[in-house]
Every structure is written in structure tokens, then in C-alpha cells.
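These are the residues of each chain, in order.
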Amino acid sequence: MPMVVNCAVYENGRRVADLTLDELKDRPRKPGSFVWVGLHEPDEETLSTVQQAFNLHPLAVEDAHRAHQRPKLEQYGDDIFLVLRTAHLGKDNKRELGETHVFAGRGYVVTVRHGASSSYALVRARCEAAPALLKHGEDYVLYSIIDFVIDNYMPLAECLEDAATQVEEQVLSQTAGRETVAQVYRLKKEIMEVRRSVVPVIDMAARLMRPDNPLVDPNIRPYFRDVQDHAIRVVENLDNVRDLLTAAVDAGFAYLSMTQNDVMRRLGAWAAILAVPTAIAGIYGMNFEVMPELRMTFGYPTVVATILVICVVLYRMFRKRGWL
Amino acid sequence: MPMVVNCAVYENGRRVADLTLDELKDRPRKPGSFVWVGLHEPDEETLSTVQQAFNLHPLAVEDAHRAHQRPKLEQYGDDIFLVLRTAHLGKDNKRELGETHVFAGRGYVVTVRHGASSSYALVRARCEAAPALLKHGEDYVLYSIIDFVIDNYMPLAECLEDAATQVEEQVLSQTAGRETVAQVYRLKKEIMEVRRSVVPVIDMAARLMRPDNPLVDPNIRPYFRDVQDHAIRVVENLDNVRDLLTAAVDAGFAYLSMTQNDVMRRLGAWAAILAVPTAIAGIYGMNFEVMPELRMTFGYPTVVATILVICVVLYRMFRKRGWL
Amino acid sequence: MPMVVNCAVYENGRRVADLTLDELKDRPRKPGSFVWVGLHEPDEETLSTVQQAFNLHPLAVEDAHRAHQRPKLEQYGDDIFLVLRTAHLGKDNKRELGETHVFAGRGYVVTVRHGASSSYALVRARCEAAPALLKHGEDYVLYSIIDFVIDNYMPLAECLEDAATQVEEQVLSQTAGRETVAQVYRLKKEIMEVRRSVVPVIDMAARLMRPDNPLVDPNIRPYFRDVQDHAIRVVENLDNVRDLLTAAVDAGFAYLSMTQNDVMRRLGAWAAILAVPTAIAGIYGMNFEVMPELRMTFGYPTVVATILVICVVLYRMFRKRGWL
Amino acid sequence: MPMVVNCAVYENGRRVADLTLDELKDRPRKPGSFVWVGLHEPDEETLSTVQQAFNLHPLAVEDAHRAHQRPKLEQYGDDIFLVLRTAHLGKDNKRELGETHVFAGRGYVVTVRHGASSSYALVRARCEAAPALLKHGEDYVLYSIIDFVIDNYMPLAECLEDAATQVEEQVLSQTAGRETVAQVYRLKKEIMEVRRSVVPVIDMAARLMRPDNPLVDPNIRPYFRDVQDHAIRVVENLDNVRDLLTAAVDAGFAYLSMTQNDVMRRLGAWAAILAVPTAIAGIYGMNFEVMPELRMTFGYPTVVATILVICVVLYRMFRKRGWL
Amino acid sequence: MPMVVNCAVYENGRRVADLTLDELKDRPRKPGSFVWVGLHEPDEETLSTVQQAFNLHPLAVEDAHRAHQRPKLEQYGDDIFLVLRTAHLGKDNKRELGETHVFAGRGYVVTVRHGASSSYALVRARCEAAPALLKHGEDYVLYSIIDFVIDNYMPLAECLEDAATQVEEQVLSQTAGRETVAQVYRLKKEIMEVRRSVVPVIDMAARLMRPDNPLVDPNIRPYFRDVQDHAIRVVENLDNVRDLLTAAVDAGFAYLSMTQNDVMRRLGAWAAILAVPTAIAGIYGMNFEVMPELRMTFGYPTVVATILVICVVLYRMFRKRGWL
Ligand SMILES: [Mg+2]
Ligand SMILES: [Mg+2]
Ligand SMILES: [Mg+2]
Ligand SMILES: [Mg+2]
Ligand SMILES: [Mg+2]
Ligand SMILES: [Mg+2]
Ligand SMILES: [Mg+2]
Ligand SMILES: [Mg+2]
Ligand SMILES: [Mg+2]
Ligand SMILES: [Mg+2]
Ligand SMILES: [Mg+2]
Ligand SMILES: [Mg+2]
Ligand SMILES: [Mg+2]
Ligand SMILES: [Mg+2]
Ligand SMILES: [Mg+2]
Ligand SMILES: [Mg+2]
Ligand SMILES: [Mg+2]
Ligand SMILES: [Mg+2]
Ligand SMILES: [Mg+2]
Ligand SMILES: [Mg+2]
Ligand SMILES: [Mg+2]
Ligand SMILES: [Mg+2]
Ligand SMILES: [Mg+2]
Ligand SMILES: [Mg+2]
Ligand SMILES: [Mg+2]
Ligand SMILES: [Mg+2]
Ligand SMILES: [Mg+2]
Ligand SMILES: [Mg+2]
Ligand SMILES: [Mg+2]
Ligand SMILES: [Mg+2]
Ligand SMILES: [Mg+2]
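These protein sequence lines map, in sequence, to chains U, L, P, B and R. For the first sequence, the UniProt record's numbering gives the first residue as 1, with consecutive numbering after it. For the second sequence, the UniProt record's numbering gives the first residue as 1, with consecutive numbering after it. For the third sequence, the UniProt record's numbering gives the first residue as 1, with consecutive numbering after it. For the fourth sequence, the UniProt record's numbering gives the first residue as 1, with consecutive numbering after it. For the fifth sequence, the UniProt record's numbering gives the first residue as 1, with consecutive numbering after it.
There are no misleading hints in this set.
Partial list, computed: chain R residues near chain U (C-beta under 7 Å):
#1 Ala279
#2 Gly282
#3 Ile283
#4 Phe288
Note that these hints are calculated values from the structure, not bench results. Ideal placement from N, C-alpha and C gives every residue a C-beta, glycine not left out.
Just need the whole structure built from these sequences, with the hints factored in.
Given below as C-alpha cells:
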């Protein structure tokens, strides 16, 4: 994939020209016109060219050089710098997180993708297919990108929910084992990470919706509120999954503890029953010369019968008390 | 059930005409007059007709197409879009949650029902029976709907409370078992879900009561405060049930743990007592040629007596220490 | 007890007349004069007469018809509606909660008692005994009622503290048992309920103290702050008791777990020691024809001595390791 | 100790006269002059004399009559009423809490000590030794008192930290026992109590620092910030100690649980090993007439060897699995 | 290391002179010029000279005399006093915390280092290498110092993360033991301490960024936001590590508990199986004269076969139930 994925000029909601990065500096600057640049893991030189073209703040560019920033929205005067964590469901439902940085201001939007994030070609295609909306300009593009990012979290959250439901089923059917513990551990860790990626978007959207935001027109504000609503929904789904997992683990532990105690109690009860014949038989296995019982004709059957009676009584007693 | 349940014009608190959806566009628009439309799982065409008639915002209509939105209140200029989760106690006290979307603005109120929600025919009947209040207009209808939705949560919350009280009784009478664990798990999950459905209504009511809300007249504000109060009461009941459940589970675990330890200790104590005759009898069961005790006339009764004494002493000792 | 407990007119801090409910409507309305009505579980008609006399808001009266409201303060214009949960220490220190509703506005104060609440005759007597303060009017009466309600929580909170201290003592003296578990469960539940009854009063007092409150004069504000202070003290005492209970339960569990493990370990150690003579004696109890040891003159004492030595060594070893 | 510890007039930072309580009423009232009265558990009459001299609010005096108030700051017009909980390290590092009430306003500061609190003679001496600061007047005296109170918490917090460190050491060296549980319980309770005594001072200082406070001059504000900073430090130390204690208890439980399981597993493993010779020897102890093995010359050594081999194999197996 | 590490005058971003402390008082005071003093554990006299030169507030200097202050930002008029906790990775990745106090105001910046903190020579070198930025004056120096302090936390946080990952691996590979418990305890304690050191910087940066801060120019504000962002990142990393540790400990306990129960169950099951031959053989080891089975030719093999069958059946049953 090339470093410069796309670089086009838009006027009144329509793509009017494609530029190279070097042409950016001398682009035509008319009101209602803006440039939309898409970069993918750019090198320092590429980023530096873009920085000079749009006069980006050095602190923002410094962050964009390195991935692994936390999600945030920073305003430098009229210019905005956004860091977004992106969700990606890969092959075999492999859940991955990538990162996108967005620079936006009067006349330009620049996206910088890092890692396992989906291409924004689809966003661009959708925008170009709706010129009536794209006419609104940079703020509509910004909305479209964040909307796309948040929409990608939905399937990932559902995928996490499926995994948690599997754990739940294992627990309720009492087939949870060692592997379930590791699975719960990994799921919890992943939910925490995804949550940390989405939560900041709620606040970002709130700040972009504020009336004093210079870049966002009043008629675009409801769109950012919609993004915020979807982000909250993702977070609530994640919280849901986490709570479900916690409750399932609690139930699982209760079952496990009950089962383990059951087993130990039953083994203990059997051992206690078996200790009776052992003890009594031991008595009559002693080699004293004078043991009158040994001489009795019905001594043996009497003792065996006594042992059986004791064992049966104990068995019934244990049974009644729920020990067996 | 038809998709269009009802569609009527009201003037000064009285129903003056019934319309078809197609007549909506050319309805008479006088001050003090409004249309109240009731839909049930409408198809796209129906919703689109209504959208055009009242000029509804596309983002709101997009949400209304699909159920499974989170409860929320969105304002688009003077127009309001409400998503409510509704409670329903079905046959055999089956607890279900449905969803209702409400569009309201100058001159119209539209309700869209999804899933297991109760019909609003009752609300309409009540409103029509009180023209002095219905005269207040759209805001009073809005209040009546939310009030009805919240009132339906009361029996459901009580039903959850009954279920929790059953668990509590099982625990305190020490008859809780494996099934109780699953029951607690399911109850907790359900309480969390119901809570998530009601909590947002508290904030919705607060926002509808605010002085700057264009749609709600000052004399209707106390009614929304009343709705808010009832919503808080439902939430407090749910929190109550949840806390009760948590405390009962803690007590149940304490009992279980005590009982299980009791049983193991008693079995262990009996095993220890029985190990004494086994060991002593084993000694005198040895086949050494020279074992003077075996020759003694009172050897056997002495040993048996000794064993008995030791066992009784141990029994008393264990008893005194509370081990038996 | 009659439904109308009291109904009197006050002027300049002195009781000047007693009225029947029917005379309320045509009562003299002078500045500095007000009516104070005391009701006890009134029927609908009584409440309706009062409502018409003072023009009470229908939503407030609706709440007053039924007990089991949550504690709250609602303002309808210049009129105030208060719901208070009241504490009552009955015979044998039986802890009970009742409910009082208060309507107050220019020229009137109405109290409506439900359930196990103390009579406000005492409050009335105290007010009438201090005309210099009662001269302040309705706000001073309002203060006196809330102050009385909160003061009644103090002995109840102390009673709960005593109960918790008993639990604490049982735990620290290691005599806690099954009954303690149930006791802790019930105490926790009760503390939660009492707490929920008092906490809202803190906010009520804050709202009554606000400068923009039309009914409360500046020189009465410190009195409401005093009520608030006492409510906070009750809540802090309850939190204290709850924390103490939680810590005691933790300590109790630690003790229990230690004790139970001690017992099992000791029983296990004794069983292990006794298994040695059993095993060795078993060997020499075998009936092989060729067993040279059995022929030896000192075979028997040697084996017995060996067994004793092993047992003593094991005993000492276990002792040293703290297993016995 | 007398009830009136001290009662002096200050002018321009210097003590100019000592008064009796009865002279207070007719004291000279010049700007820049104030009276500083120190009381110790005064009776009603004494307090009443002071109340009349400085026109103290009856609600504040009511609180001052009884100790056991919660820490708080109340303003009555220009007059301030402070309740402080005081820390005291007695003999043998005995940790005690007392109470001090402070009345302050234009021209006077009154301190009322209850219980185990240190005398403010030291504060007075320090103030009198720094006339340049004492010249600031009542607010500087107020600061000096609160500063002294907070400074006294430092050694107490360190004393609690030492106690917690002892617990920590016992836990990490695995010598924690029953007494440690009681110690942790008592420490936690004490930390909670001390914390509740200091936390309110943070807010008090904040309120005294506010620009609209009539009694505190701008140049004294940084001093109250300093007091606040020290109070926060005490609270953080206490939180630290509490967290340390919690973590140590967790670690201690983990150790205990591991140790107890170790012991039970080892005893169980030995019992299992010893059950083998018992069972096998039991077989050859049977008295059947036809048991060919008993006739074999090498039957006995073969069986003993077999038993030994099985026991050694089991021992090694258990060892390898970490069961022994 | 000397107490005065550095003391230089800067004009327009360039170092123009080096001073001794005694020359500070009579330094040239031009706009755009400032002095930057670096001290290392100064004695009282040194600090006093500096205090007089820059007119530092006595309360701030009092704090600077002693280390072990909590991180804070205090403003005295236009002058700022900062307490920072500093991170230091020593030899063999030894993690240490030091302390730095910063005084800053119009025309001066003074740093005071205590304990294991890195020298600020590097910061000074970097600033002097960028005169265009250093030209901004005291606020840029302040930023550079805080930035350096926060940057030093990054490797320390990563080091803690590595330690936590090691614990995690031990847990998931089920090799966690007693030493892991102590390690987790120490790591948790350290994370809490580091967290407490960084968290206050978030608020400090926020206060330095506020428009009404007299010392910080608008164009330097984004730099403080950058510092704040990095501080938040450090805190989030620490929270991450802590959550990871908690989850790993939970998983570890689950494993441990499962393993220990497995072992006890298996030992118990074997003991129960072995109790069968012991009991049966005991019966036939009794010495009754009349025991017909003993006379039967196939009595012995029949009994042995019966024992074997019972044992095999039990073994299979236990196996099937997962007890073995
Ligand atoms: Mg960052
Ligand atoms: Mg987070
Ligand atoms: Mg939504
Ligand atoms: Mg949602
Ligand atoms: Mg959430
Ligand atoms: Mg949720
Ligand atoms: Mg959701
Ligand atoms: Mg929720
Ligand atoms: Mg209510
Ligand atoms: Mg309620
Ligand atoms: Mg709640
Ligand atoms: Mg509640
Ligand atoms: Mg409630
Ligand atoms: Mg628990
Ligand atoms: Mg108080
Ligand atoms: Mg209190
Ligand atoms: Mg509270
Ligand atoms: Mg509290
Ligand atoms: Mg308290
Ligand atoms: Mg507290
Ligand atoms: Mg400090
Ligand atoms: Mg501190
Ligand atoms: Mg704190
Ligand atoms: Mg802290
Ligand atoms: Mg600290
Ligand atoms: Mg634990
Ligand atoms: Mg912290
Ligand atoms: Mg960060
Ligand atoms: Mg981070
Ligand atoms: Mg964090
Ligand atoms: Mg993080």
C-alpha cells in the first residue's frame, strides 16, 4: 500500500482535481473548496511536506510520527488534531486495534493510518456519492471518518459479546474448566482495552458539537451527536459484556465451590462408613487366647450383620443429611 | 395489529377528526390544534409518509427504523425525538422489555411501538377523558406517554422484588442450592437490564422540565417532575433489590461455607476416633509368637475397655471443642 | 386517634383560635397569621377539604393519599410539599419507620402522618412555649417539624450501633456463629433502609436554606443548616456502623477460616500419626508361614517400640511445624 | 485545670491586658484590638457569660455545650464557629482524639477544649513571640490554632504507619496469626476515625481562603492554603497506610491459604501412601485355609518388597508433582 | 555535586552571563531577560540568599527546606511554587523516586533537587540549543523542566509493565508460587506510589494552561497541554498495569484453587478406593472359629477377585465423574 493513498480537491461537494503532495503548497484556495489527503504510515519526509502545506503545529506532527498515542482531540487555534483508535475484525474474526490520526482545518482534512485499521476509501466513496452532504465541507468529512471508525466497533463488540456468551454457557452448563479461566482473563483484558479506545470519542464528539467550535457548522452538529450516541452504545455494550462476565464468573465459582465440596464430602462420608467394618473386624482379628465371641457358633454372622446394620444406618443418615 | 393504530386531530383538548396518513400532509394547521399518530412496527413506506408530513430529521427516522436503540432524548431545533424502553408483564408474570420511539413538535406527536410493549390506546382514552388537561396540547400528550411507560415499570420492579425475596428466604432457611445460584445470576442480569432502561428517563424528564425547553409550558413542568420522581422510585426499588440480593448471596455463602466445614470436620472427627480401635486392634492382631498380653485371661476385655475409654474421651473432647 | 389531630390559628407566635376543617375556607387571612393543621392517616374527603382550603396542587395531594413515597421536597410556586420518612423506637427498642407529608405555604402548614411515626403534639407544645421564635411564622414551624424528625433518628442510629457492637464483640471473642450471619444480614438491610430515609433530608435542608427560597426568612436559615448538620451526623453514624460491620465480618471470616483450617489440620495430623501403627501392625498381622521376625523373642516389643518412636517423632515434628 | 485558661486583650500584635470573664462585656473596643479567650470544658454559666460578651449565636453555643460534634465550619453573619477534632499522642504513644470548638469574629477569638486535646498555651506563646504576624489580628490567631491542630496529626499518622508496617512485616515473614487479624481490624477502624476527623479541615481551609470571607485578610490566605496542604498530606498518609494494610492483608491471606493447602495436601499424600501397606497387609492377614502365597518361602519378603516399591514410587510421584 | 549547580542570565533565548549567588541581588533586570538557577540539596544559607534575591514567599521556602512534600502547584501573586516527584531508573533498572522544587516568576526560575533525581543539565542544554523557543522566557523553561520530569516516568512505567507481564506469564503458565505473592504485593505498592507522584501533574498543567495565568503566554499553552497529555498517558499505563495485575491475580487464584481441589479430590478418591480392600480383608482376617468361607477352596481367589472388581468399578466411576 502506498504512503499517499489519496489526495484530492473538492468543490461544492464534488471532486474536482487530484494532486501530488508537492502540488499541495500551491493549491487553489477558494471558499467552499478543500483538500482531502489520505496517508498510510507515512515516512518523515512525506509528513513534513504535508505539515508545510497546511502549516500543522509541530506538537501535533510529533505525535503523528509515532503511533501508540492515546485517543484525544486537540485544538490549535482553528486547527484540529484527532487521535482515534480503530477497530478491525480480521480473518477468522481476529479482533485487532489500529490507530488513525486526523488533521483538519479550514480547507483541508488529512488522515494518517497506522496498523490494522480499515482503509478510508469506503468513506471517501460514500461522501463522493452524496454531494449534497459533502458540500458542507471539512466538518462533514470529519464526521464521516469518526462515524466509520465507531461503526467498525459494533461488530467487534458483538464478537466480544459472543465470546462472553460462550463463557456464560460453559458456566451455566457447569463445564467450565481451567481453559475458561484463561479465556475470561483474556476477554476482560481485551474489553478494557477496547473500552479505553472508544470512551474518549464520547467526549470528542461533545467538544466538536459545542456552539463555539469554529470548524463545525450548526447543521452538522446533530451528526456528531449521532456519532456520540453510537459511541455510547458501544461502551454500554462493552460494559454489559463485562458485567455479564463478572456475574458469570461469580456463578461459576459458586458452582465449582459447591461441586468440590460435594465431592470431598461424599468421599469423606464413604471413608467414614468404611472405617466402621475396618475397626470392628480389627477387633475380632486380634489374637487373644481368651475371646469368647470367637468360639460362638453364630459369632461371625452376628458380627457381619452388625457391621452391615451400622453401615446401612450410617448410609441412610448421611443420605438424609444430604452428605451422600 | 395494523401498522397505523390511530391518527386523529385534536383541538382544545377534544378529538375533532380522524385522518389517514395520506391526509396528514394537507391537515389543517391552527394554533391549539395537533395531530396524534400511533404506529406499530411500521414499514419504511409508512414511516417515510409520516416523516414528510411532519418534516422529521433523517437521523431520528434512521433510528426509528431499527429497534434496539438506547433510551435517549434528542432535540432537533423545536422537534423532539425520544427513545423509551418499555416494561411489560405478560402471561404468568413473564417479564418483557419493548421499545417505543416518540416524535413530538409543534402540532404533532407520533409514537412508534416495537416488540413487547403495551398499546397506548389506554393513554389516549385517559387523555380524551380529561379535555381540561389535554387542552394543554402536545406536551401533555408527551407527559401522558412517558408517565404510562414509567408506571408500567412499577409492577415489573415488584415482580423482581418478589423473586429476590424468594431467594432471600431460601438463603435464610438454608435451603439454597445449585438452582439458587443460576436464579441469582439471571435476576442480577435482568435487574441490570431494567435499570439501564429506566435510568435515562430521569435525565430526560430533567431536560424536558428545563425553562428553556420550547415545547413544554410552565404549568406542565410539575407533571414531568412527577414522572421523574416515579422513575427515581423505580430505580431505587431496583437498587434495593440488587443490594438485597448481594447481601443475601453473601449470607448464603457464609452459611454454605459454615455447613460444608461443619460436615467435613465431623466426618474427620469420626474418622479420627475410629482410627484408634483400628490401630490398637491391629497391634494385637500381629502374629508374634511371644506376646504376653495375648495369654492373659483378661487381656481381651482390658484392650476392648481401653479402646472404649479412649473413644469416649475423644468423643467428649471433640464435642466440647465443637468439632462434633 | 382522630384523623384531625389539631387545627389552630396562630398570630404573632400565639395560638388565637381553634378551627374545624370546614371553617378553614373562611379563616381570617391577616399578615403574620397562619393555620397549622395536624392530620393522621386522613381519608379522601378530609384531605380534599384541606386541599380546597389551601389550594394544594393535585399532584402533591395524589402523593399524600398513599404512603410509601420516597423522601423529597417539591416546590409548586410558593408552596412546598415535603415527604419525610420518620424514625420511631417502639417498645423493647423495636425500630420502626413511618412517613410524614408536609404541605406548607403562605398562611398554612399541614402535616399528614402515616404508620409508626411519633405525634407532633410535642413539637406544637414546644413551639407554643417559645412565642418569640414561633412569631417567625410558617418557616419556623417547618423547621421545628424537620428538626423533630431528625432528632428521632439519633436514638435509632445509636440502637443500630449497639447491635453492631454486639456483633463486633461476638466476632472478636470468636463466638460468632450461624445466628451472627443472619443478624449481620438483617442489620445491613436495616442500615441501608434508614440511610435511604435520612440522606435526602441533607439536600432538602440545603434547598430550604437557599437565598431564593420565598418561604424561609434569612434569620431562620441557620436553623435549617443546623437540621442539615444533624442529618449529616446521623448519616455519618450509619456509615460508621456499616463500615464497622463490614470490617468485623471480614475479621470474623478470617478467624473462622483460620479455626476451621486448624481443626482439619489437627485431625489430619492425628489420622496420619495413627496410620503408622495400623500399617506396621498390619504387616506383622500377615499369615505367611515364613516370617522370621515373628519367631524372635523380642520381636514384639521391638515393633511396638519402633511404632512408638515413629509416632513420637511425628508428633514432635508436627508440633514444631505448628500442625498440631 | 481551670475552666478559664486564659483571657487577654491584644493590640497591634502585643498582649496589653488580662481580663476576667466578667470584665469582657465592658472591654475597650478599638480597631486593631481583639480578645483571645481560652476555655477548658466550661460549665453552662461560664459559656453563657462569654456568649453574652461576644453575642454568640445560640445554635453555635448549643453545639459547644456538648462535645461529640462532627468537624465543621459555620458562618453566622461575620462570625465563625469551628468544630475541630484534635489528635493527641499520649504516654506510651497512646493515640487519642479530643475536640476543640472555636468562636471567632471581629474583636474576639474563643477556644473551647474538650477531652484529650493538647493545650493551646504553646500556640499563644508562639503568636506572642511573633508580634509582626500577630498584628494581622483574629485571622492569624485562627490560622495558628488550626495549624497547631493539623501539625499534631502528623506524629499520630506516623504512629499508625509504624503499626501498619509491623503488620506488613509479620505478613511478609509469614508469622501473621490470630492476633494480627484483630490488630488489622482495630487499625482499620482507627484510620477511618482519624480520617473522618481530618478530611473536613480541607474544606474548612478552602472556605476560609475564599475572597469573600469577611474575616480573613488577603495576606493571610496563603497561610490557610498551607494548612490545607498539610491536612491533605495527613489524609494521603492515612490513605497510604490503609491501602498498604489492605494489600498486606490480601498477601497474608494468599500465604495462609497456600500454607494451609500445602499442609492438608502433604498429610493427605502421606495418608494415601500409608493406605497401601495397610490394604496389602490386610489381604495377607486374611485367614483363608487355601492361600498359596502364604506357603511360599519368599512370600513374605516379596510382599514387603512390593509394598516398599509401591510406597517409594508413590513418594517420588507425589514429590515430582509437588504434592509432598 | 555542588549545591549551586548552575546560575546564568538569559536574554532573548541566549545565555549572556554566569553569576554567583551573591551577585543575584544586583543582577540587571531588563524585560526579556531572566535568571535560571539550579540548586542541589542546598543548605539553609544558600536557600536564604536565593529567597532574598527573588523575594520568595516564606511558606514556599519552608517547604523547600524539607523534602517529602506532596506534588503541588502554589501561586503567590505572580510567583509560582512547584513541587514535583521525579522518576529515576538507576543501575540494573532500579526504580527510584526523587523530588524537585521549582520557584518561578517574572525574571527567574529556580530548581531545587532532592534525592534520586536526574540532573537538569540536559534540559538546560536542550533549551540553549533552541534559542528561538527559549526566547519565550521563564514559561518555556518551566515547561521544559516539567516535560523532562514526565518523560522520565515513561521508562519507569514500562519497567513496571515488564514486571507485571512476568507475573502474568507465571500465572498463565501456572508456575506462580509464594514468591509471586510477595512480588505482586510490592508491585502494587510501587504502582500506587508512582501514580500518586504523577496524577497531580495533570492538574498542575491544567492550571498553568488557564488563560488567566499571568506567567504563561498563549503560545506556550499547547506545550503545557502536551505535558498534560503525556502525564495522562503515564497514568493510563500505570492503571493498565494495575488492572492487568489484578486480573492476573484473580486468574492465578482460580488456578490455584482448582489445582488444590484437584489434588485433594484425587488423594481422597484413592484413599476411598484403598479403604475397600482394607475393610473386606479385615473381615476375613477375623479369628472366628466358624467362618465357612475360610474353608472354601476358592474362597481366597473369590475375595481377591471381588476386591479387584470393586476397586476397578470405583476407579472407572471416579474417572468418569472427573474425580480422578
Ligand atoms: Mg499523547
Ligand atoms: Mg479508561
Ligand atoms: Mg443510539
Ligand atoms: Mg446503547
Ligand atoms: Mg459506561
Ligand atoms: Mg450498560
Ligand atoms: Mg446498550
Ligand atoms: Mg446504567
Ligand atoms: Mg415519588
Ligand atoms: Mg422508591
Ligand atoms: Mg440509584
Ligand atoms: Mg436506594
Ligand atoms: Mg426507595
Ligand atoms: Mg465474597
Ligand atoms: Mg453536627
Ligand atoms: Mg457523626
Ligand atoms: Mg453518605
Ligand atoms: Mg459518611
Ligand atoms: Mg462521624
Ligand atoms: Mg468519611
Ligand atoms: Mg504539603
Ligand atoms: Mg502528601
Ligand atoms: Mg484522600
Ligand atoms: Mg494517596
Ligand atoms: Mg502521602
Ligand atoms: Mg481476597
Ligand atoms: Mg491517586
Ligand atoms: Mg497519554
Ligand atoms: Mg496510554
Ligand atoms: Mg486512568
Ligand atoms: Mg491505559
